[in-house]
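Build out the structure end to end from the sequences listed, making use of the hints.
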Amino acid sequence: MVLGREVENHVKGVCKPHEYEKFRLFIGDLEKVVNLLLSLSGRLARVENALSSLDLDLPLFSLPQIKLALLEKKRQLMAQLEDAKELQDHVSRRERLVFTSVSRCLPAEQLQDYQHFVRMKSALIIQQRQLEDKIKLGEEQLRCLRESLQPECLG
Numbered sequence: 245m246v247l248g249r250e251v252e253n254h255v256k257g258v259c260k261p262h263e264y265e266k267f268r269l270f271i272g273d274l275e276k277v278v279n280l281l282l283s284l285s286g287r288l289a290r291v292e293n294a295l296s297s298l299d300l301d302l303p304l305f306s307l308p309q310i311k312l313a314l315l316e317k318k319r320q321l322m323a324q325l326e327d328a329k330e331l332q333d334h335v336s337r338r339e340r341l342v343f344t345s346v347s348r349c350l351p352a353e354q355l356q357d358y359q360h361f362v363r364m365k366s367a368l369i370i371q372q373r374q375l376e377d378k379i380k381l382g383e384e385q386l387r388c389l390r391e392s393l394q395p396e397c398l399g
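Oh and the sequence shown: position 114 is 358 in our numbering, straight run, nothing missing.
Careful: at least some of the hints might be erroneous.
[Unchecked claim] Below, a list of computed lysine to any residue pairs in the SDA-like style, where the Cα atoms sit at most 20 Å apart:
1. Lys329 / Glu275
2. Lys318 / His334
3. Lys365 / Leu282
4. Lys266 / His334
5. Lys256 / Ala367
6. Lys378 / Pro308
7. Lys276 / Arg363
8. Lys318 / Asn293
9. Lys378 / Ala367
10. Lys276 / Ser336
11. Lys276 / Gln371
12. Lys266 / Ser336
13. Lys311 / Ala323
14. Lys260 / Pro351
15. Lys318 / Leu282
16. Lys318 / Gly286
17. Lys378 / Lys311
18. Lys380 / Ile369
19. Lys266 / Gln354
20. Lys311 / Lys329
21. Lys276 / Pro351
22. Lys311 / Met322
23. Lys329 / Lys380
These are computed hints drawn from the structure, not numbers from a lab.
Spelled out as structure tokens, the structure:
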């Protein structure tokens, strides 16, 4: 991302080394927390899908065990998601502190670029993850299609 490199170079060039380091750490933590939230949300959605589509044709003795395991996994993921939201709140507080710090060194135009970069960082990570998920889904569908066509091609 060109804007990100420009903002980082401006912060590095005009702010004190410890302010630049705070900025760098904040951006790294922002990326990690957004990715963690996306990962946990995706895993939770898959567990909920598995719960809602439990195969009632399974042997009766195994159904309760599978359901209990999925419910426990759901409980764990929900707790982890709550923890991740607390981390996100902490990163948001740090964002305000870093903004205050860099606003003392950056001129108005560069400060606007900084704010835009921080706002867009999360959105772009989310967009990237959605694209990666669509690619995975497409590859899986293609694999299934190829497998379903193989017997016909042989005969």
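Each hint tested on the structure:
Of the pairs offered as hints, the one joining Lys329 and Glu275 holds, with about 14 Å between alpha carbons and a cut-off of 20 Å not exceeded. At roughly 24 Å between alpha-carbon atoms, Lys318 and His334 are farther apart than 20 Å, so this suggested pair is violated. Distance check on the hinted pair: Lys365 and Leu282 sit about 14 Å apart at the alpha-carbon level, within 20 Å; holds. Annotation: proposed proximity of Lys266 to His334 holds, straight-line Cα distance about 14 Å (limit 20 Å).
For a cut-off of 20 Å, the pair hint linking Lys256 to Ala367 is broken: about 24 Å separates their Cα positions. Note on Lys378 and Pro308: the hinted pairing is violated, with a Cα-Cα distance of about 33 Å set against a maximum of 20 Å. About 15 Å separates the Cα atoms of Lys276 and Arg363, which keeps this hinted pair within 20 Å; it holds. As the CA atoms of Lys318 and Asn293 are separated by approximately 11 Å, the hinted pair is consistent with the 20 Å bound.
For the proposed pair Lys378 and Ala367, the alpha carbon gap of about 17 Å is at most 20 Å, so the pair holds. Taking the CA atoms of Lys276 and Ser336, the gap is about 13 Å. The hint holds against a cut of 20 Å. Note on Lys276 and Gln371: the hinted pairing holds, with a Cα-Cα distance of about 15 Å set against a maximum of 20 Å. Between Lys266 and Ser336, the direct Cα distance comes to roughly 13 Å. Compliance with the 20 Å bound is thereby established for this hinted pair.
Of the pairs offered as hints, the one joining Lys311 and Ala323 holds, with about 18 Å between alpha carbons and a cut-off of 20 Å not exceeded. With a C-alpha separation of about 15 Å, the suggested pair Lys260 and Pro351 falls inside the 20 Å cut-off, and the hint holds. The straight-line distance between the Cα atoms of Lys318 and Leu282 is roughly 15 Å, inside the 20 Å bound, and the hint therefore holds. Taken as a hint, the Lys318 and Gly286 pair is honoured in the structure, with Cα atoms around 12 Å apart against an allowance of 20 Å.
Note on Lys378 and Lys311: the hinted pairing is violated, with a Cα-Cα distance of about 28 Å set against a maximum of 20 Å. With a C-alpha separation of about 16 Å, the suggested pair Lys380 and Ile369 falls inside the 20 Å cut-off, and the hint holds. Under the criterion of a C-alpha separation no larger than 20 Å, the hint pairing Lys266 with Gln354 is consistent with the structure, at around 17 Å. Pair hint Lys311 plus Lys329 does not hold up; C-alpha atoms about 27 Å apart against a cutoff of 20 Å.
Between Lys276 and Pro351 the alpha-carbon distance is near 28 Å, which puts this suggested pair outside the 20 Å criterion. Of the pairs offered as hints, the one joining Lys311 and Met322 holds, with about 16 Å between alpha carbons and a cut-off of 20 Å not exceeded. Using a Cα cut-off of 20 Å, the hinted pair Lys329 and Lys380 is violated, with the two alpha carbons roughly 26 Å apart.
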